[in-house]
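Colleague: Using the sequences and the accompanying hints, generate a full structural model.
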Amino acid sequence: MLKSAALAAAGFAGVQLMSAHVETSKPADYTREIEGWRAQRVERLKAPAGWLSLIGLHWLKDGANSVGSGKGNDIVLAKGPAKLGTITLKDGKLTIALDPKAGATIDGKSASTAELLDDSHETPTTVAFGSVSFYVIDRNGRKALRVKDTEAKTRTGFKGIESFPIDPSWRVEAKFEEFKPAHSLEIPTVLDTVDKMTVPGKVTFTRDGKSYTLLPVLETADAKELWFIFADRTSGKETYGTRFLYADLPRDGKVTVDFNKAYNPPCAFTPHATCPLAPPENRLDLRVTAGEKKYAGGSH
63 MLKSAALAAA
73 GFAGVQLMSA
83 HVETSKPADY
93 TREIEGWRAQ
103 RVERLKAPAG
113 WLSLIGLHWL
123 KDGANSVGSG
133 KGNDIVLAKG
143 PAKLGTITLK
153 DGKLTIALDP
163 KAGATIDGKS
173 ASTAELLDDS
183 HETPTTVAFG
193 SVSFYVIDRN
203 GRKALRVKDT
213 EAKTRTGFKG
223 IESFPIDPSW
233 RVEAKFEEFK
243 PAHSLEIPTV
253 LDTVDKMTVP
263 GKVTFTRDGK
273 SYTLLPVLET
283 ADAKELWFIF
293 ADRTSGKETY
303 GTRFLYADLP
313 RDGKVTVDFN
323 KAYNPPCAFT
333 PHATCPLAPP
343 ENRLDLRVTA
353 GEKKYAGGSH
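So for the sequence shown, our numbering puts the first residue at 63; every next one is plus one.
No wet-lab data here; the hints were simulated from the structure.
Lysine-lysine pairs mimicking DSSO-like chemistry, simulated, CA-CA at most 30 Å apart:
(1) 215 <-> 145
(2) 299 <-> 221
(3) 123 <-> 258
Quick list of the computed label-pair ranges, beta carbon to beta carbon:
(4) 231 <-> 144: 54 to 60 Å
(5) 283 <-> 343: 18 to 24 Å
(6) 212 <-> 246: 36 to 42 Å
(7) 170 <-> 105: 21 to 27 Å
(8) 126 <-> 298: 38 to 44 Å
(9) 248 <-> 98: 32 to 38 Å
(10) 128 <-> 172: 19 to 25 Å
Cβ coordinates follow ideal geometry from the N, Cα and C atoms, glycine included.
Modeller: What follows is the structure in structure tokens.
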């Protein structure tokens, strides 16, 4: 489910810190604020458990799934012991039985068996061995292992992020029109699935004399920010196919949308992430020359 994906992104990559809130007004202060935001964004990506550390995404089948780096396993890990153990999926629940020689831990402790809680829980169960670890993700009822390695080449060989020059004119004050009741929006994903998310209203802004509309979604019922999943005329060329942007909740019918904080989804950096794609309603007929550009180290 997309809500799980959003929560996982927030919980494990600091997405909740990507707020578009800006309190400064002087150009120099604003530039420093955006530069600081960008630096923190890079540090989150480069963190030992950040998105750059992903080395695998393995879907689990019902029943027993043997796991390890050996070719004879049902799930072949890119790195780790030849025989790690067996993960059993039954009636939506997962358990793991570790091979005694694997040298792995479960939530930092030595154990031979355990139930595996997926990322729909506040703290999913983590299995670790050497520099590698994994936990289970749930996407529309499908379960998969998300595998990370602090020594991943995508992390150690990170090329940095190129962005458009900071331009205060791309920090726009938009009109917010609340939907009563809230609408729902179909969000496509890289998994070729479609999820429905809550749309509390529409945001309208003006650029070069023309009016544009975006539909923000709420990650959870009690979300404290609006989440924009959008594309524009730079997408797939100068920028990645979809970009994300967060904004504070509306106040007095207004929302500040700062495109200088538009950033790439995890899928821009690794093929092992599960990402939502911009819905047709959020494909702007406009060149948004602000925020992050396409990642130079990307191969997909």
